[in-house]
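Trainee: Here is what each chain is made of, one letter per residue.
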Amino acid sequence: MNGASMRHSTFLVALGLSCFGATRGASGQSSAPAPKNDVVLRAMRDELARSIQQLRLDTLPKPYFIAYRVTEGQGAGANGRLGSLLAASDGRGSRVLQVEVRVGDYAFDNTNYFGAGFLPTQFVGFGTLPVDDDYQELRRQIWLATDRAYKQALEALSQKRAALETRSRSDDLADFTHEPVTNTVDETPAPAAPPDRQMMEALARALSATFRSASEIYNSSVGVQTSWSRTIYVNSEGTSYIRARPHASVTAQASTQAVDGTALSMSYGVQAATLAELPSRDSLMNGVRGLAARLTEQRHVPLADAYDGPVLFEGVAAAELFNQVLAGKLVGTRTPVTSPTFARMLAGGGNDWEDLIGSLVLPRWMSVVDDPSLRVMDGHPVESYVVDEDGVKTHATTVIDHGTLKALLTSRTPVPGVEHSTGNRFGGGARLVHIVVNADSGLSDPDMRRKLIALAAAQGRPYGVVVRQLAGGGAGDDPESMVALIMGQQGRNGPPAVRGMRAAKIYADGHEEPMRGAEISGLSASSFKDIASASQTRTMHTETFTSGANFLAASAGNGPVTYLIPSLLFPNLSIRKPRGTTPRLPVVAPPPPQ
Amino acid sequence: MIMILEIRALRRAALVLVSLSAGVRIGRAQTAAPSPVLATMYDELSRNFSALKSQPTPPYFLSYEITDTRSATVSSTFGALESSGERHSRQLDIALRVGSYRFDNTHAVRGNFARADAQLDRFGGTSVIPVDDDPSAIRNALWYQTDRHYKAAVQQLSSARTNARVAIAAEDTSGDYSPEPPASFAEPVVKFQLDRASWEKRLRTYTSPFARWDDLYGATASLEAKVETRWYVNSEGARIQVSEPGYRLFVYAFSKAADGMELPRYETFFSTTLAGLPSDDVVLKAVDVMIKDLHALRTAPVVDPYSGPAILSGRAAAVFFHEIFGHRVEGQRQKNEDEAQTFKKRVNEKILPDNFTVVSDPTLRRLGAVELMGAYRYDNEGVAARPVTVVDNGVLKSFLMSRTPIEGFPESNGHGRKQPGFAAAGRQSNLVVRVAHPVTHAQLKQMLIDQIKRENKPFGLIFDDIEGGFTITQRFIPNAFNVLPIMVYRVFPDGRQELVRGVDLIGTPLTTFSKIAGADDQVAIFNGICGAESGAVPVSASSPALFISQVEVQKKSKSQERPPILPAPLSQPARPATPHHVERGGGR
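Those protein sequences? They're chains U and X, same order as listed. Numbered per my numbering, the first sequence spans residues 1 to 594. Numbered per my numbering, the second sequence spans residues 1001 to 1588.
Read the hints as simulated data drawn from the structure, not as lab findings. As the structure is a prediction and not an experimental result, all values here were calculated from the model. Any given hint could be a false lead.
[Unchecked claim] A partial selection of chain X residues facing chain U, derived with a Cβ cut-off under 8 Å:
(1) Gly1085
(2) Lys1151
(3) Gln1155
(4) Pro1420
[Said to hold, decoys possible] Below, computed lysine-lysine pairings styled on DSS-like, alpha-carbon distance capped at 27 Å:
(5) Lys151/U - Lys1457/X
(6) Lys451/U - Lys529/U
(7) Lys1397/X - Lys1453/X
(8) Lys1345/X - Lys1397/X
(9) Lys1515/X - Lys151/U
[To be verified] Residues from chain X shown here face chain U by an in silico Cβ test under 7 Å; the list is partial:
(10) Ala1051
(11) Ala1080
(12) Ser1089
(13) Tyr1144
(14) Asp1147
Just so you know, even glycine gets a beta-carbon here, dropped at the ideal spot from N, CA and C.
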């Protein structure tokens, strides 16, 4: 989400965190007290115990590790467009099971393999469970899903062994790390009353009606969502956790074409634990109005000129840039063993920063820390995690220390140089969660601009460029951006192009001239080493994590990542004029307002 | 592109019809004041159509169709609730044509993939529109989407014109769209009502008998309740409002044989009223039969590939006709030069025995006690539904026509159908096979036994129940059909019957048609969803049981995964049924 303005979530850990067991579970039996009458947890534990003890096909290996992860949720949503409700739905929620079965041993098992008929492990083992608290039927579905996962694991292990008979591995890393057993409960109870659907629908209608008077915006929608989800995890090592969270959000999206035909889209979003904790109706209304005004204004902004010189990524744009270019490099993504057929397809699947641990990747005055356990960032409450989705305790990891790459963020799948989980498994693999970027000697905002102009002058430029918002994945519904989404936002040569949505030229006398469509070419992860300055003030902004790696090969996680980051000044980048054809404007004028 | 046309998983509500004359037609229209949505659509259509008229390439035809769907789905598995929810949404479909009725932007571009670009344009983008009747949001969506369709159409027309010059002359020189008289019709919008809580209870009851067995690996029951209201306007002046309720109860269970073969059983009940759905007793009896059948199937012997005489029960014969014949008389297939066009040159020729008549009748609401899923008042191109006699006493007379003309058939006969989001095409509705001078079922079975003896075959086959079928109608791969049976019996010369498993009924259309040697008086109905180029549409097919002197069966594709390793975690599982051979009546 490219929230131009963002209120930060106010998640709070409600219940105490019970017993971080430091002992390694030898028996495979958990000793944590289960919440009373939790039928789902009881069914999971009982079927887990039976499967780890008895599940075995003939003389083939039995599982050495089984984990169950059940996610149950309920929610309601309303979407509006131009004052009308877009769709209405109501339901009983869902309960999804994910089974992980490993055969072999920690050093060598069925995972980290990719071959015909096998999806990466993060995509297998899913099933649905009944929403009724029916012990017998929960167990039946867990039984069937475990059986399927075990058989797949056996086949994957034998294919992986076969593949290695003709190929040699470039590393002898273990497939799975040993981690301490933890048992935690971190629950915010489900709201007592069902969501007030009428209120949500009325809000969606009212907010979306704002666009009725924005005749230059062709397409818009406003969504009001509320949900509560709960995850229950147990594994055969004895680790378990329960995490339950409420969530509410308002998002608005608008798209149109600039006067020259280029597709433009922008969004606005706020999040909180509950609807009641969202900003006031007036404040939401202002947020949506602001979006409509910014997008309308943007239609008329002139296109960027070609430029070579310093570029300042200010505020939100710095977080967006970090997320687009650098985030994927900070996550350990294991290159899987493949059958010969797939070896070529998956080439380049790993993360080349594995080889840079111990090397300089940023200026010596910059450091980057990720800490999923943070409860507050910059004075704002953030969603905090006691354990990750493998039940591994979370903690602060200094990824880059004074410019030097120290570690990559990992799950229990180790990568070269990182032999234990950093507690960053969220989604299918590891991801960033709360990223704090520290600069030892930040400049004030006016000094940042002065330096931008000075650097520009030194290169003979009459102005410097400041980028305030990037064009992100929030593609419009035009075919061009859909194709771009499918094909990946690849640059024509080299690294993916970074596109500036809102940018401006800043002249020596301080006046600004806005521009749009700046395509910043040749900006790669290694460009960050050259950063000239960072600001004292830092911006907090949430983006969706994208690993950028080959998704088939990489076991990267997914989900939101919150940044606290200074503005960043790059000494020399190239901006290209947008090229190619643009669609024509609509032939018929929009319908007159009614 | 391989086109596979399939029909799936539908199930009769009642077995046998008393007589063929028991059909009930769509009643006289009850009219109502049209929804304000219709007026909004008409206004915006007129505004866009006349504004675009001044363009260098103006449209000659524009239509809007809005499909309003209120639906609820409740499902249970092994006696526990799996999901329960409801939804209200609207979808917009636009047909915009530039050029002329004679030659327009939809004209088939032959011999290359030049249209891929234009098609991407057409499918890109949302067509979801607000559910409120407020004109502002609806008009905005209509305007925005019309613009995109217009631009795509102009581009298409230019490549179609070039292609027509470059490619060799087309065999069929008929026009691209047929002008039709504009219809004006509005029936009352049906109110959607469903007591979900009480259906949650009932559906739990329907699947709880399955839960006593540890050799059933999947069991679900679902109710899909829906009111679909369609508004259609076009630049020829049509204004149509139709509103159709539908309730489908679907029960599915599967087991696995020791060799890994998956063994499914389905039951579907359909009605246009909730009261028309079967009582709990009827459903639970069907569930008992399903359990018995699945246990019998687990231990039934596997049949090797075989060629010989067979009886197709009414339901099997209905699906057989839908695949082998119905898809091959869909109008546009006679024009597309990638299609095999099996029947194109056979009009007024005999293609079936003299006593066979085949009708496609969307105005037929029910046959006997069974409501038919393929009934409608207007098709998706604004043309009124009407019965079409496709085969009259063995002689081919007509095709199922949308507004895409073919040589000799310049007009639509109300069979232009589609799923929202697709372009309309000639599709089936209610396919009815009628046979004059039928024999009794006992006589039909005797014909089978006589044939077995005459040919010295060890056995013949009775295809009793099926899950569906599919066919391929294009030229570059063999033009085969495949019917997927579930309950198949082997009949020995002494009349003994034995349940078997593991075969699909296959063949090619003309050969198999020539082997039809008899029909009985027991008509059965298959209600189902049919998928083809214009999406999934509800259809029915009905037929008496047929005796075919020679069919061919091939091995079913099967899963290599064996049954679960650990026993089911049940407190007290019922004892799996002991192997037994069920003696059943065969045709129904």
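Trainee: Decide, hint by hint, whether the structure agrees.
Mentor: Taking the hints in turn, this is what the structure says about them:
no. : hint                  : result
1   : Gly1085               : 3 Å, holds
2   : Lys1151               : 7 Å, holds
3   : Gln1155               : 11 Å, violated
4   : Pro1420               : 14 Å, violated
5   : Lys151/U - Lys1457/X  : 42 Å, violated
6   : Lys451/U - Lys529/U   : 18 Å, holds
7   : Lys1397/X - Lys1453/X : 37 Å, violated
8   : Lys1345/X - Lys1397/X : 11 Å, holds
9   : Lys1515/X - Lys151/U  : 46 Å, violated
10  : Ala1051               : 4 Å, holds
11  : Ala1080               : 3 Å, holds
12  : Ser1089               : 4 Å, holds
13  : Tyr1144               : 5 Å, holds
14  : Asp1147               : 4 Å, holds
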